[in-house]
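K.L.:
Please dock the two separately framed chains into a single complex, following the hints provided.
Protein chains in written order, with the numbering used here: chain B, 1 to 305; chain P, 1 to 699.
Everything labelled a hint here was simulated from the structure, so no lab data went into it. Hints are not guaranteed to be accurate.
Here are the simulated SDA-like cross-link-like pairs (lysine to any residue), alpha carbons at most 20 Å apart as the crow flies [what the hints assert, rightly or not]:
#1 B:Lys17 - P:Thr467
#2 B:Lys194 - P:Asp423
#3 B:Lys194 - P:Pro692
#4 B:Lys194 - P:Lys363
#5 B:Lys194 - P:Ser441
#6 B:Lys194 - P:Pro439
#7 B:Lys17 - P:Ser112
#8 P:Lys266 - P:Pro692
#9 P:Lys416 - B:Gly206
#10 P:Lys416 - P:Thr437
#11 P:Lys369 - B:Gly134
#12 P:Lys363 - P:Ser412
#13 B:Lys194 - P:Glu422
#14 B:Lys194 - P:Ser412
#15 B:Lys17 - P:Gln470
#16 P:Lys21 - B:Glu299
#17 P:Lys416 - B:Val209
#18 P:Lys416 - B:Thr195
Just so it is clear, the structure is predicted and the values come from calculations on it, not from any experiment.
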Amino acid sequence: MAVQSMTTKRQPSRWEKFWNTASIVFESRVATVGMSIVLFWVLVAFISLFWTPYDPNASNFTQNLGPNTTNLLGTDHLGRDILSRLMQGTQVILLKTRLPGSDISIPGGVAIWGVLGSLSLGTLLGLNAGYRGGWWDQIIMQVLDALIAFPRIVLYLVVIAALGQGDLVVILAITITGAPGVARLVRSLALDIKTRDYIRAAETRGESVWYIMFREILPNARGPLLVDGMLRVGYAIFAIGTLGFLGIGLPPPDPDWGNMVNEARRNIFANQLAVIWPAVAIASLVIGLNLFADGLREELTRYQK
Amino acid sequence: MSELVKAPPVLTLEDVAIAYKIRGGEIEAVQNVSFEINRGETHGIVGESGCGKSTVAWAIVNFLGANGYVKRGSIKFQGQELVGVTGEELRRLRGDQIAMVYQDPMQALNPSMRLGDQMSEVLTVHRGMEQKEAEARCIEMLERVYMPDAANVMRRYPHQISGGQQQRVVIATALLNNPALLIMDEPTTALDVTVEAAVLDLIAELRRDFDTAIMYITHNLGVVARVSTRVGVMYAGEMVERGTVEQIYEAPQHPYTQGLLRCVPKLGSDKVSSMLYPIRGRVPPPNNRPTGCIYGPRCDYVQDRCRNERPKLRQLPNGLWVRCHFAEDINPGEWTPSEDIAPPVVGIRDLNAEPILKVNNLKKYYEVKGTQLKDVLGLGEKRYVKAVEDASFKIPEGTTLGVVGESGCGKSTLIKTLIGLEDTTEGEARFLGFDITGPISERDQSLIQELQMVFQNPDSTMNPSYTVGQQIARPMQLFRTVPKAEIRAEVIKLLNSMRLGANYYDRLPRQLSGGEKQRVGIARALASHPDLVLCDEPVSALDVSVQAAILNLLLEIQQEFNTTMVFIAHDLSVVRFFSDQVAVMYLGQIMEIGPAEAIYTPPYHPYSEALLSAVPIPDPTVQQKHIRLEGSVPSAIDPPSGCRFHTRCPRRKLLPDDGQICVTDTPPWREAADGHRIFCHIPLETLRSFDPVISQEVS
Numbered sequence: 001m002a003v004q005s006m007t008t009k010r011q012p013s014r015w016e017k018f019w020n021t022a023s024i025v026f027e028s029r030v031a032t033v034g035m036s037i038v039l040f041w042v043l044v045a046f047i048s049l050f051w052t053p054y055d056p057n058a059s060n061f062t063q064n065l066g067p068n069t070t071n072l073l074g075t076d077h078l079g080r081d082i083l084s085r086l087m088q089g090t091q092v093i094l095l096k097t098r099l100p101g102s103d104i105s106i107p108g109g110v111a112i113w114g115v116l117g118s119l120s121l122g123t124l125l126g127l128n129a130g131y132r133g134g135w136w137d138q139i140i141m142q143v144l145d146a147l148i149a150f151p152r153i154v155l156y157l158v159v160i161a162a163l164g165q166g167d168l169v170v171i172l173a174i175t176i177t178g179a180p181g182v183a184r185l186v187r188s189l190a191l192d193i194k195t196r197d198y199i200r201a202a203e204t205r206g207e208s209v210w211y212i213m214f215r216e217i218l219p220n221a222r223g224p225l226l227v228d229g230m231l232r233v234g235y236a237i238f239a240i241g242t243l244g245f246l247g248i249g250l251p252p253p254d255p256d257w258g259n260m261v262n263e264a265r266r267n268i269f270a271n272q273l274a275v276i277w278p279a280v281a282i283a284s285l286v287i288g289l290n291l292f293a294d295g296l297r298e299e300l301t302r303y304q305k
Numbered sequence: 001m002s003e004l005v006k007a008p009p010v011l012t013l014e015d016v017a018i019a020y021k022i023r024g025g026e027i028e029a030v031q032n033v034s035f036e037i038n039r040g041e042t043h044g045i046v047g048e049s050g051c052g053k054s055t056v057a058w059a060i061v062n063f064l065g066a067n068g069y070v071k072r073g074s075i076k077f078q079g080q081e082l083v084g085v086t087g088e089e090l091r092r093l094r095g096d097q098i099a100m101v102y103q104d105p106m107q108a109l110n111p112s113m114r115l116g117d118q119m120s121e122v123l124t125v126h127r128g129m130e131q132k133e134a135e136a137r138c139i140e141m142l143e144r145v146y147m148p149d150a151a152n153v154m155r156r157y158p159h160q161i162s163g164g165q166q167q168r169v170v171i172a173t174a175l176l177n178n179p180a181l182l183i184m185d186e187p188t189t190a191l192d193v194t195v196e197a198a199v200l201d202l203i204a205e206l207r208r209d210f211d212t213a214i215m216y217i218t219h220n221l222g223v224v225a226r227v228s229t230r231v232g233v234m235y236a237g238e239m240v241e242r243g244t245v246e247q248i249y250e251a252p253q254h255p256y257t258q259g260l261l262r263c264v265p266k267l268g269s270d271k272v273s274s275m276l277y278p279i280r281g282r283v284p285p286p287n288n289r290p291t292g293c294i295y296g297p298r299c300d301y302v303q304d305r306c307r308n309e310r311p312k313l314r315q316l317p318n319g320l321w322v323r324c325h326f327a328e329d330i331n332p333g334e335w336t337p338s339e340d341i342a343p344p345v346v347g348i349r350d351l352n353a354e355p356i357l358k359v360n361n362l363k364k365y366y367e368v369k370g371t372q373l374k375d376v377l378g379l380g381e382k383r384y385v386k387a388v389e390d391a392s393f394k395i396p397e398g399t400t401l402g403v404v405g406e407s408g409c410g411k412s413t414l415i416k417t418l419i420g421l422e423d424t425t426e427g428e429a430r431f432l433g434f435d436i437t438g439p440i441s442e443r444d445q446s447l448i449q450e451l452q453m454v455f456q457n458p459d460s461t462m463n464p465s466y467t468v469g470q471q472i473a474r475p476m477q478l479f480r481t482v483p484k485a486e487i488r489a490e491v492i493k494l495l496n497s498m499r500l501g502a503n504y505y506d507r508l509p510r511q512l513s514g515g516e517k518q519r520v521g522i523a524r525a526l527a528s529h530p531d532l533v534l535c536d537e538p539v540s541a542l543d544v545s546v547q548a549a550i551l552n553l554l555l556e557i558q559q560e561f562n563t564t565m566v567f568i569a570h571d572l573s574v575v576r577f578f579s580d581q582v583a584v585m586y587l588g589q590i591m592e593i594g595p596a597e598a599i600y601t602p603p604y605h606p607y608s609e610a611l612l613s614a615v616p617i618p619d620p621t622v623q624q625k626h627i628r629l630e631g632s633v634p635s636a637i638d639p640p641s642g643c644r645f646h647t648r649c650p651r652r653k654l655l656p657d658d659g660q661i662c663v664t665d666t667p668p669w670r671e672a673a674d675g676h677r678i679f680c681h682i683p684l685e686t687l688r689s690f691d692p693v694i695s696q697e698v699s
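Chain P with its partners taken away, still in its complex shape (with noise of 0.2 Å):
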């Protein structure tokens, strides 16, 4: 009998359907999700938005708002049943037992408490801790979240740390009382790679630690097979297939888990070589959901059993749980894209040609008002945030130039500067030939329109007071493109051409979902045929299959006109699929550039190598360099001297004197091959010696 007893679960669902009431009757968000977690585990919930994850969560902790309610199941903590029990006895069930984590730290802190109040209380509240020892207990679990100067930290308002630090903060708080279960939803969402890195690390090593049970919600398949042990896929509200990490993402078995990993890029793979496959059709709306299987109608493999028999979760031989009625049938190698679906075949594009927009050493610099008294009188000292600096780039017609960079790196001041919303500070930029450095009133109609630009946000892209057609035909009115008898005809060929039919001609913004509304913003930009299409995260707002979907169309679109585009995102794996050159910018400042394969391979830039090691990849195998950056990206007004990235560059001891001459001198232009440079004082050959950051396990 040496059998060791098994501990309980520490959460167990079973066959929990949560529904909210509405006018005129009530909507099942979730329907028949069973998992349990148990201790020192991690849990991750997994799936698109609108899908119910969240709504999980909140169920768990009793926080389904006024009209939601657990319909059906039960929800056991540590054995005990929580459904149907309520207010003080729910309290003094669940205690202070459960801890939970949201993506925004900026709301779970209150601003106007100091942070070692909002934490101590915690501590007084509900273990009736002294103020003293409670303090003294926070600066402990401050230091265990790595937080620097924790002691100092306990007297600061939230607003005077970063967000990767307020995001510590808020997990030490959850750690205070040692909960035995910890729910974390989207708790890097908000945050940029580097630092969510450094959180996904502290996270797995606190779950070691204390032997806390995690349930990890995100959207995103790399953050979940980096940090949990398994996984639940969750679809239209119901959980869909649940396994060990290794056994979801190296053989799916459910069509809608095979499908999502087809819907992203991995990290190094390009648009030549590797296609993306989006997911037909749309998620059902949770009250016209269809009979049998909920996926059916959008999965490859449906056959008549699916339409009208709703599948079990049932356990398969190797352990894994999954929905479907024919998951030992399925053979994801033999797996075809069904036409409606299948994406453009692309072709290598000429970085040698003739170059459309030429940008030399171009900057772009914002005034910042003083408050002192001779700074209102204009007698103060003017201060500047420099945020984009001496930037240079060619862009040949016809490719893709992406440009990567955390978040206030002056990406988006860039494209805002070469579109004309903001007017160049100093340098040059030629687009076509002429000079684009003014504001975009100053500039010729024929130049406005070859320059076009596609915004991120698909919610605001679209102004909802007008129809799809009448706003795609504005271009057309405003530039005479078209003969004005023609204008619908064209307006409804442009919508065809990006998949969505002439019957969207009189639909207004809201009936849109994000995916289609995008398309509308693409199908703006493209009507008065640009020459460049400036991209500001186009894709990062969607979800996996829609982003799929979105980016096989801008492929697409640049095929069959030649467009040329400048393409922003923060996703590391989309820039390198879908761009020719990339540009890597930090604190306004372009640190590499060059043909994509070259940037993602050595000689890198100590700061795209950290980026790179930092990328979450979907994919549990894949070995990447360990490399945190650390402290936070310094304010562009008083950029560090030198080379800006000096004060957190983990290379910079290669250099003699504790790289000294990277805080005093700024650095050299290295060519490391055609078009590749590197702003680095680094020499070439020991940046050629760094080994590639992601290897392939070998099993």
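Chain B with its partners taken away, still in its complex shape (with noise of 0.2 Å):
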């Protein structure tokens, strides 16, 4: 009975601490403004899932329009709805991946899944170089500097003409170009990590490589890997940008930014604002996830001391 009244007490005051440790967004005026940007594009992504001002793949309009009260941002070179486009764009970037052969869509989008990838891949990567350290950490750690070696869209287009397209293939080569990166974070922090005592103290009591690496030091890993993360999902928009501009990325029929970017390109002297719109889209939002990341770290760091 005693344990039932402490929990009942505790409830609020866990939302309490949530609510305590989330407000530190608001210390920073460039993590709010970086929130309030991220947070505008996950609204009109949830909005299009329900609601846009036309049917973003049907021809309805006159081709190539400047922006006008029916057509809000223009028309492109199909006579679709620029905005409507742009809108359901959002979707396979944050929230849904669409998986071959079917219409079925997982929640989570392509930029959010290869972070993701990334990160665990990375971590799992990192921690075993860092904390076993000797033969593990250089074998890793080699072949994961030969990776970074190679240039990034030689990678993306390796992978791509490898498995062919589509939106688990994007997700693949944004977390093989992410891990070696976040290995490296993951690294560096667990070599500090494992040099104190309750490394120690968790050894002197047999616990298991497992248990050490990922219980004892991966949580006091996660606030510099979260804020990390969030900066990789603006490089994962980008590159994604990038691919459907060179024409690999996600596959047709839902709108990528990127392929818009190229589309409207070669439209570029009947309808010039089409290029504008979806390239100011893709990087309002990576500098809205950069300012976002940077302002939370500059208040993590602080807190800490």
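P.N.:
Here it is as structure tokens:
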């Protein structure tokens, strides 16, 4: 009974604790601005699930129109409404991943899954390299360094040439190119954390290597990892844009910002603004995530002091 | 009119308050501090961590940082006001007249500049001296601080000389301009006792010769007793008592000073015949100090007046300044401990009990990787750091083995090897009859559970991501010593016996003070009910009042569970107080081992004798033999041949041929008494003839 009363008493305080932790975002103006931009696009993505001004894939209008009262941002070279396409374009990045060969989508956008992938792979490799050291460290880091030595675009091309186009392939490409960076970060954190006495305590208890890596070290690395992950979502969106621009990104029918830039580029003399809108969309989301991550990092390091 | 005209004090502080601006307000870190320092005087400032000692020093040199400032009061240097003066004018006033020496010499010296260049810069910049002349003066000063081979040292970089020598260079640099005031902030805290003793001697000598005023900041009551002429005791940002060294140590009037002195074990006192009394409670944070007397909540004599009215610093008839309403009425002789801090009563431990741990000729070598090509290819001669050499001892069940020695003597390596963090190079170690020479991964879980460890640094002993309860529960889950459903109750029981209470269960480490974290660390080590607990400097990072509480706690545990302990510390008084057996280590070799009382009285090993005569004792009336070791500890890669101590041994000359035998032959183990063995060539009769290191002055 005593236990029960304790848990009921603790419930609001937990929410309070969460709010206290989350509210450090508002301590930094940079983080607040960044978060507002990101939340704006998330909101747009959710709205587009239920409503867009017109069907984004239907050619209902005159081609290459400038902004006007019916089509707020104009139309593209096939007469499709740019605003509707821009709104729908957020979905594949942030909200859904289309599985090949069916109409089924899983929640979580390509950028999100790609970053989660590189975080998991990078963490696994980085923890092993950092905590175990010795040959593990040598082999893992040499391989990753070799991977980093390739230009990113070449890596993308190799992955896509080998596996073909598709949402999952783009996720895989982002995972592979992102993992070395995460691994380096986690390794450096693990090298620092493993010198602490609580790691000695776990070792003298005879804990397994996996327990020490994932239960003792990883929780203390989550702050920097969170910030890094957020930055990486920005990079991933950029990468998706690049791939779309090269025409090897996310497959149709859903609109993709990079692809929109690419198609509008061909008609740049007929409708200049059509290039600008998706470019601004990509830039603002990436800048928003960067500001958010930077502000958060500043506040987190200040709080540790 | 024979009265001499009194020279004005070099430094006068009057009612100084120092505040730091923080987010949403400001904090008064220091309040109402007044004192003065005269020429040729060392004024000690002593207090526990966070009481504002260093802040006062920084305020004097205007180094409080962007958010700190002197809020009230005045700081006068040679009669001139320093508060409110900034920039160029301050520089002109202060000139080269104030010098400061910090705790860590490695951080005070620029690692990328030759020592000679850094030193002569002081003279060429401040005095406009010619480079040649400046260098000559630097060499002179280095010789003055007894730096061997001074001219050569000028061409070296900081990392090429030892820590004690670095601190000498810093002190020499500080003295180059012949400052009127020298501020020393814990200058010997980072040094070993033998080095510390030599530096303290130097400081005392320089004060006499240069007639400088020294402000000496430290937390160590023994060091203050040795160097100071007058002492100010600080507590929670206020100076609570001020007087001459003799007054403060013999008849302290403030309850806090009295409490502090009851916290430290005297060198030579042990746990059976004496007790430590911690001060209850903790230092209040600067933003939450009580309205009345700051010490009120922790004071045994507290009365209504103390709770309402903050006492003023006032002078007693005998010249002592004290901040207490009832200083005259307090008689420390009649003091009795209140129930919450009563120390455990400890019986004499039986050294003839069945040994739980037997170690025989244990060796631990680390391979050193060479940098030459043939080393990389594996063709070079293999070189080893001989971290532990031929350690042999037995620990009877329920007793404590204390291990002392300077840093780098292998004491930590020894217990790391025992617990299995490192594997043994050679030798035998049996715990409960099982072989424990292999790494921990080869040990049975039931064996691991019986051998646990307490760590040094309270800030890193707990994982910041888990609550206190989770961390103490983990060993119970892992070793399945307690059924799952009862774990919570068992953890709370353990917390209670650590005097922490059930409300600590859900707290995170960052909500705990240093002493509380250390208690949780001990609780975690005890959660699996181990037979042997290895303590690696468990109290050396703690303030004295907390240290006393932790030592009492460990004694209580030992009493209750009959736990065997290995206790490492560099503080010889603490080791003497806490241990039944003591081993003295030097360069990986046990030099002397035996019952604690035997180590601290003749016959001594020459190294033990030197260590004991270096310990700063918090009692100015005690007479100590003056033995100072020369040079620094040699490298463990190529330890000296024969006896490892022969390069520094002050007693070697007692042997024929200037102790040639010490250079060539390994010394024999000499059995001085039952279980007391000395590793030395000098015959026992000679060793027995030495005077005791410590004697009480007859007053």
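K.L.:
Are there hints from earlier that the structure breaks, and if so, what are their numbers?
P.N.:
3, 4 and 7
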